[in-house]
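Q: Sequence:
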Amino acid sequence: VTTGSTKMHVVSGLSLFLMVGLGSDVVFVYTDFWTDSKEMRKTVKGRMSWTLYQAGKASLVTSATTAVSFFANLASVLKPLREFGFFMGLCVMLVWFLLTALLLPVCLLEDNFCGCCHMRRRQREPDPSEPRRPDKHTGRMRSATKGLFRWRRSCVVLAVVLGVIALFWSLKSVTVDTGMPSIFPENHNQNRGKKVIGAFKPYDDVIPNYYVAPNVIADICSESTFGNQDNERCALFWCDTVPDYSVAQAGHDPSANTCQCFRKPITGSCSSSTALVLQRWAVHREGSFDVGAAARSYLGNFTGVLNQNTLAPLIQQEWESGQTAYLDLTQVQASVPRTLGEPCGYEDVCFCGAGTRVCKLAPEWRSQPFEVSAAFFSASGPKRRLEVEGAPSASARLV
Numbered sequence: 024v025t026t027g028s029t030k031m032h033v034v035s036g037l038s039l040f041l042m043v044g045l046g047s048d049v050v051f052v053y054t055d056f057w058t059d060s061k062e063m064r065k066t067v068k069g070r071m072s073w074t075l076y077q078a079g080k081a082s083l084v085t086s087a088t089t090a091v092s093f094f095a096n097l098a099s100v101l102k103p104l105r106e107f108g109f110f111m112g113l114c115v116m117l118v119w120f121l122l123t124a125l126l127l128p129v130c131l132l133e134d135n136f137c138g139c140c141h142m143r144r145r146q147r148e149p150d151p152s153e154p155r156r157p158d159k160h161t162g163r164m165r166s167a168t169k170g171l172f173r174w175r176r177s178c179v180v181l182a183v184v185l186g187v188i189a190l191f192w193s194l195k196s197v198t199v200d201t202g203m204p205s206i207f208p209e210n211h212n213q214n215r216g217k218k219v220i221g222a223f224k225p226y227d228d229v230i231p232n233y234y235v236a237p238n239v240i241a242d243i244c245s246e247s248t249f250g251n252q253d254n255e256r257c258a259l260f261w262c263d264t265v266p267d268y269s270v271a272q273a274g275h276d277p278s279a280n281t282c283q284c285f286r287k288p289i290t291g292s293c294s295s296s297t298a299l300v301l302q303r304w305a306v307h308r309e310g311s312f313d314v315g316a317a318a319r320s321y322l323g324n325f326t327g328v329l330n331q332n333t334l335a336p337l338i339q340q341e342w343e344s345g346q347t348a349y350l351d352l353t354q355v356q357a358s359v360p361r362t363l364g365e366p367c368g369y370e371d372v373c374f375c376g377a378g379t380r381v382c383k384l385a386p387e388w389r390s391q392p393f394e395v396s397a398a399f400f401s402a403s404g405p406k407r408r409l410e411v412e413g414a415p416s417a418s419a420r421l422v
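The numbers in this note's numbering rise by one with no breaks, and the one at position 11 of the sequence shown is 34.
For the record, the hints were derived by calculation from the structure and aren't laboratory data.
Don't take each hint at face value.
What the hints assert, rightly or not - Using C-beta positions, here's what the derived DEER-type ranges look like:
1. Asn332 to Ala397: 23 to 33 angstroms
2. Lys195 to Ser72: 43 to 53 angstroms
3. Leu39 to Asn238: 22 to 32 angstroms
4. Glu62 to Ala95: 33 to 43 angstroms
5. Asp313 to Glu387: 27 to 37 angstroms
6. Trp342 to Ile240: 32 to 42 angstroms
7. Trp342 to Gly221: 42 to 52 angstroms
8. Val265 to Thr290: 20 to 30 angstroms
As the list claims (entries may be wrong) - Straight-line distance between alpha carbons at most 25 angstroms, and here's what the computed DSS-like set of lysine-lysine pairs gives:
9. Lys287 to Lys383
10. Lys102 to Lys217
11. Lys61 to Lys80
12. Lys80 to Lys68
13. Lys65 to Lys80
No experiment lies behind these values; they were computed from the predicted model shown.
Heads up, the beta-carbon is just placed ideally off N, CA and C, and yes, glycines get one too.
Hey, can you work out the whole structure from these sequences and the hints?
A: In structure tokens form, the structure reads like this:
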């Protein structure tokens with residue numbers, strides 16, 4: 024009701040055992056004072072009033088101090104500990120209130136109706152003729168009491184001085200821990216790990232303030248899907264290659280540098296006199312290739328303006344063998360004359376270089392005949408074939 028919580032932690036079940044022990048102390052106090060009330064008061068009303076005043080005052084002090092010690096847990100940073108302390112404090116005070124209200128009537132009923140059930144023991148009457156033996160223990164206690172009373176002022180001063188010294192030492196040596204309490208042992212990784220990390224330099228000393236961390240999530244795009252701002256959005260292009268099919272096996276000379284191109288029309292209604300052509304050229308990184316000259320030749324010696332953008336690399340992978348290849352990918356955009364009845368534009372994908380694999384494309388992509396001039400290629404090193412299984416690959420570096 025007070026916290027608005029509808030759940031109770033299992034540790035609150037311990038309150039049953041604690042309340043039995045704490046409540047027993049209150050019961051003993053009330054029963055002892057009720058027994059002594061026979062000598063202090065003669066009437067039942069007087070006995071109950073005297074017992075309630077004496078026993079209630081004594082038990083209230085002990086119960087209140089116990090409840091306050093539990094309520095002190097409300098300052099904890101741990102929510103379960105706060106709830107347990109608050110719950111236990113309320114239980115202690117509730118037990119005292121119930122015992123105060125119900126125990127005295129029970130004691131009265133017990134005297135009136137259960138007196139015959141009391142256990143009795145016979146006591147031997149003292150013989151006046153026998154000499155009384157001195158009690159050594161009683162004599163020692165009386166001597167100690169007289170000595171303590173004689174030095175009572177010195178004892179009080181000594182106790183105060185020792186208390187002040189202990190308080191001063193505590194304030195000087197004890198520090199308040201405002202952090203989270205640790206429930207793990209010293210050699211646990213939760214504690215040991217913090218010490219190991221503390222041996223490194225601070226983050227601000229190693230990483231400059233102007234450093235911007237790269238994105239942890241990036242888009243992997245398809246080479247045959249043309250979208251807006253692919254040069255900024257796509258961190259990598261990937262495709263599955265046709266097994267045992269390369270540019271050289273498409274009817275070209277295996278030792279020659281050539282290209283295999285595919286075209287897909289852009290459908291829709293348009294009335295413009297020009298058609299938009301989007302091309303992507305995938306070439307091995309080891310050699311240099313004049314993409315602009317090849318695009319103009321592919322478009323029939325086009326002399327207009329070409330917009331050329333370098334995209335993220337293309338990873339080709341053949342799942343059957345696990346072989347991979349790493350290619351440069353360039354996008355070219357141009358506007359060519361269009362006659363009535365022709366599509367609104369075209370999308371082209373070309374794979375260039377001896378031994379370059381061809382990606383698997385949808386059926387609407389049609390192969391286009393294209394003879395590439397050797398002048399478009401200027402080799403700066405041996406052309407790299409698909410990497411064999413087990414060799415370091417580009418895909419492995421991206422994991």
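Q: Would you pick out the hints that fail for this structure and give their numbers low to high?
A: 3, 6
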